[in-house]
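Asker: From first to last, the protein sequence lines stand for chains A and B.
Okay, so the first sequence: first residue is 1 according to the working numbering, each after it adds one.
Okay, so the second sequence: first residue is 1 according to the working numbering, each after it adds one.
Think of the hints as simulated: they come from the structure by calculation, not from any bench.
Note that the Cβ used here is the ideal one computed from N, Cα and C, for glycine as well.
Check the hints yourself; a few may be wrong.
Computed footprint of chain A on chain B, listed as stretches where at least three residues anywhere in the stretch have a Cβ under 8 Å from a Cβ of chain A [claimed, not checked]:
(1) 32-43
(2) 115-126
(3) 130-139
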Amino acid sequence: MSTQVVHWPSFLTGSALIIGGSTIAGIFSFQNRVWIVFLGFTCFLEGYRTAQRGRDWLTPLRAPLRGTNTTKAVIREATRLFLMLIGVSIIALGVTKFAQTIIDPSALDAAVAGIYSIGGYIWAHTVLNHGLL
Amino acid sequence: MMQLESTFAVRNPGRFTLFFASLTLTSISLSSGFIWAYQGRPLLVFLAATGAWAGYSIAHYAVTGRVIDTDTRNSEHVIDPDALRLQDRWRYPIAIAGISLLITGMYLGVLYIRAENHLATNLGGACFLGGYVIAHYAVTDEFL
Numbered sequence: 001m002s003t004q005v006v007h008w009p010s011f012l013t014g015s016a017l018i019i020g021g022s023t024i025a026g027i028f029s030f031q032n033r034v035w036i037v038f039l040g041f042t043c044f045l046e047g048y049r050t051a052q053r054g055r056d057w058l059t060p061l062r063a064p065l066r067g068t069n070t071t072k073a074v075i076r077e078a079t080r081l082f083l084m085l086i087g088v089s090i091i092a093l094g095v096t097k098f099a100q101t102i103i104d105p106s107a108l109d110a111a112v113a114g115i116y117s118i119g120g121y122i123w124a125h126t127v128l129n130h131g132l133l
Numbered sequence: 001m002m003q004l005e006s007t008f009a010v011r012n013p014g015r016f017t018l019f020f021a022s023l024t025l026t027s028i029s030l031s032s033g034f035i036w037a038y039q040g041r042p043l044l045v046f047l048a049a050t051g052a053w054a055g056y057s058i059a060h061y062a063v064t065g066r067v068i069d070t071d072t073r074n075s076e077h078v079i080d081p082d083a084l085r086l087q088d089r090w091r092y093p094i095a096i097a098g099i100s101l102l103i104t105g106m107y108l109g110v111l112y113i114r115a116e117n118h119l120a121t122n123l124g125g126a127c128f129l130g131g132y133v134i135a136h137y138a139v140t141d142e143f144l
């Protein structure tokens with residue numbers, strides 16, 4: 001079992017964004033305001049990236065620059081960010097659907113909400129962490 | 001090697017207790033958090049979100065030795081094709097079973113959050129998190 005030296009300022013900053021973002025997403029999903037839920041989960045994603053990368057979050061191209069040139073790295077990171085935001089959009093739709101299903105129950109809508117939520121999560125996670133889960 | 005790491009966590013009672021206790025905190029927080037969000041109580045939702053993230057991070061540490069996954073971006077591809085495949089065929093049905101359990105947890109959540117039943121919503125929370133752990137293990141050999 002490997003252990004990790006945590007860069008606590010980054011982890012705590014990221015955690016604050018994660019907690020704030022999920023609070024916003026949770027509250028506004030019940031008001032059916034998908035765009036605000038999307039912003040909440042975007043905040044969550046940025047918090048996760050901040051917590052994950054430690055000091056590197058201030059220099060986002062440092063890791064992807066290894067063994068390649070700047071232009072390629074910028075294009076790759078911009079593409080990655082775009083794809084992650086698509087994943088976040090799907091999650092936002094899924095969680096909003098989940099909340100709306102609680103207000104107005106439907107077995108079909110609950111299944112759709114589950115598939116959207118986990119599908120968006122797998123999409124975003126694959127782009128962010130290079131693994132399905 | 002990764003399988004041995006997870007096995008170690010299971011065989012280490014302290015780590016396993018920490019894993020179980022912190023995921024329980026996550027389930028309680030998620031369950032009550034959704035009920036409070038349904039009731040429109042933002043401060044309590046914030047408290048629940050704090051508990052859920054703290055529980056998840058501690059559970060992650062208990063089974064991996066890391067509070068969060070490290071940055072594993074590939075410097076050549078946006079998406080590494082290898083990341084989309086599982087190592088063995090047997091992993092696919094286990095992963096699908098885990099995801100199905102997770103979605104079942106959401107379905108149970110719909111029923112019990114609507115009833116504003118904090119205790120019963122944890123049945124959904126347990127299925128949701130248990131399903132996630134099963135699917136994650138099938139994909140990565142680690143529980144979280």
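Asker: Of all the hints numbered above, which does this structure not satisfy? Sort the numbers upward.
Answerer: Number 2 only.
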